[in-house]
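Novice: Chain A is already provided as a structure; the job is to place chain B on it using the hints.
As given, the protein sequences belong to chains A and B, one line each in that order.
Residues in the first sequence are numbered from 327 upward in steps of one, following my numbering.
Residues in the second sequence are numbered from 327 upward in steps of one, following my numbering.
Because the hints were derived from the structure by calculation, they are not lab data.
Note that the structure is predicted; figures quoted are calculated from it, not measured.
Among the hints, a few may not be true.
Since the list gives no way to pick one copy over another, a pair counts as held whenever it fits inside one copy or between any two copies.
[What the hints assert, rightly or not] Simulated crosslink set (DSBU-like; lysine-lysine; CA at most 30 Å straight-line):
| id | residue 1 | residue 2 |
| --- | --- | --- |
| 1 | 550 | 485 |
| 2 | 503 | 400 |
| 3 | 525 | 328 |
| 4 | 367 | 616 |
| 5 | 400 | 619 |
| 6 | 400 | 328 |
These are the residues of each chain, in order.
There are 2 protein chains.
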Amino acid sequence: MKFELLTKDPTTRARRGRLHTAHGVIETPVFMPVGTQATVKSMMPEQLRELEVEILLCNSYHLFLRPGYETIAKLGGLHQFMGWDRPILTDSGGYQVFSLSTLRNISDDGVQFQSHLDGSSHFLGPETAIEIQKGLGSDIMMVLDDCLAYPATHFEADKSMKRSLTWASRCRNHFQKIGNQNQALFGIVQGGIYPDLRKESAERLVGMDFPGYAIGGLAVGEPKPVMYETIEQVEPHLPEDKPRYLMGVGTPADLAEGVARGVDMFDCVMPTRHARNGWLFTSGGHIVIKHAKYKDDPNPIDASCQCPVCRTYSRAYLRHLFIANEILSSVLNTVHNLHFYLDTMRRIRQFIELHHFEEFLTEMRRTGAH
Amino acid sequence: MKFELLTKDPTTRARRGRLHTAHGVIETPVFMPVGTQATVKSMMPEQLRELEVEILLCNSYHLFLRPGYETIAKLGGLHQFMGWDRPILTDSGGYQVFSLSTLRNISDDGVQFQSHLDGSSHFLGPETAIEIQKGLGSDIMMVLDDCLAYPATHFEADKSMKRSLTWASRCRNHFQKIGNQNQALFGIVQGGIYPDLRKESAERLVGMDFPGYAIGGLAVGEPKPVMYETIEQVEPHLPEDKPRYLMGVGTPADLAEGVARGVDMFDCVMPTRHARNGWLFTSGGHIVIKHAKYKDDPNPIDASCQCPVCRTYSRAYLRHLFIANEILSSVLNTVHNLHFYLDTMRRIRQFIELHHFEEFLTEMRRTGAH
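The following block holds chain A by itself, in its conformation from the complex (with noise of 0.2 Å):
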């Protein structure tokens, strides 16, 4: 894997680049639309590809319980198994086990826990982790971290982030004796809202060498302003020529503060979530479709959006399929909120390569689209 930094904007951090996978060319930044099970929720491949999509996420530990990561790498891998011929990237598993699982034992070796579908008995460690997304084939795959709650003390979050960097070297030794040189393993920096901890993280996991570097723990309660001062203080320790990824964010608006602070990834559920619950992203805030005023509205989701739900249907469909509780209802929003995240990143960098970042971020953040 190879990461071209391609141009920096001048007045912010934001960076246009260009990350070179086994599996094609990923232009950065950009944002890489959750695929849990082996599939981005009601959207065929062919959908993707058409919405431009460049890289998926897949969730090990959804994968490793069903049908297991044995199964798929019998039948070829992620790629050949779910019919997508892109990058994939992988989770290591860690987050899903701390939040998804019940009765969770961890030690230093890993963790041991219970299936959220059939409370069957199962044990991740960071080899472990490794072995899975190896099976998996993916292109990118992750280190398996500790996962700290928020709020949590100086203390919790040392020693969290400490048993994190003892995991990403465990992992970083696994993946050197297994992995092929198709598979690149990020490294993820932890130590939640501290600064001290952040830095050390950061500066130790740039020790071990990752081919790119993940901001974990963000996202998950802290307020917005305190996000994004934690990547702020991330940033200046890792390397320009590295790729960096903030996990599981987030809104249109958050894209656009991390990007300038200098992040190139991006994976969220959101769009595809919402898109399921009838809350659609435009230009002018989002709409939720399923209101009684939209019941006769002729109009597109958004007048100024060119994605092919809104070039074909009306918001008093697009409500009729909600209410009516048709699956296609959940097809045509989600190839619409899609399309406004990755049209979202298009523009981003575009507006990088001008060198007009921040003129994007103003009005981002004037009409707060989100």
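Specialist: What follows is chain B alone, placed relative to chain A:
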């Protein structure tokens, strides 16, 4: 609307025709997928076009209750509302009033009923049925008929058939008053399983000179041989130069049996509903995709199928999507099942053109692909 009879099979009653409508030409025999609530469940219109769907059926009852035919009319009609520019057939709403609603009060004037959605009270009579379908703007409208339960006595069937005739006449009169030349109204032959009643119904409807005739009241629980016999009894009384439509039928084998008895048009929820339940049609019979034996199965649903799903996805992936309750399961299964039905009809048309339909029929009876 114009119907061309292109050729007839020499050894069966199968016909190859072409129906010209305001929204395009339909090659017959044709299968019409069902788009109950102004959407073929889980399908985007472009997917239906790619599958070469020629005409859809939509349900007046559902659209009358939600979002209302006045709303759809105001938004430019059903074609524009749902983004489908090819022909649409609408039923009268009668069948659903009889099967879905509660507290019905039937008189010679029509049916008072309560909505299955919210219990609200509504009236459907012959004139209303025409008003609704005119508002929807379908290419082919159906007369309101009295839907007889199975089994029924000769007395009940006679009374119901005669009421249906009266309603057909009133529908025709109202249609002549308010309909436009882009819409056609079909009559519906009733009479239960009684040959004398079916004959009377057919002859008197033909006397009213409809541009097409449906055979109604079948596939309501009667044995298959009785259904086939009833078609055989009705068919000779229908004019050769008008299309014949067998309502609500059926399995792939039923389609072939219907074609062999002179039927030109079919509709059924079977391919789409079965798809959502994981029941998939194949040339060697059906498969139930949730079965554990498909967990690691790298093969497509049907190796001889050319549909986009069989060209890309394994049974293992489709099983995973079904078990994980993913929306994409419904989408992919629906694409496959609809392709199976539409491909069956394409092959039927080819065999009729070659005057070898009996070969197809024999093969269908042998493999029993349903």
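Novice: Work down the list of hints and note, for each, if the structure agrees.
Specialist: So, going through the hints one by one against the coordinates:
no.	hint	in the structure
1	550 to 485	within (24 Å within a copy, 72 Å between copies)
2	503 to 400	within (21 Å within a copy, 66 Å between copies)
3	525 to 328	within (25 Å within a copy, 78 Å between copies)
4	367 to 616	both (20 Å within a copy, 19 Å between copies)
5	400 to 619	between (51 Å within a copy, 15 Å between copies)
6	400 to 328	within (28 Å within a copy, 56 Å between copies)
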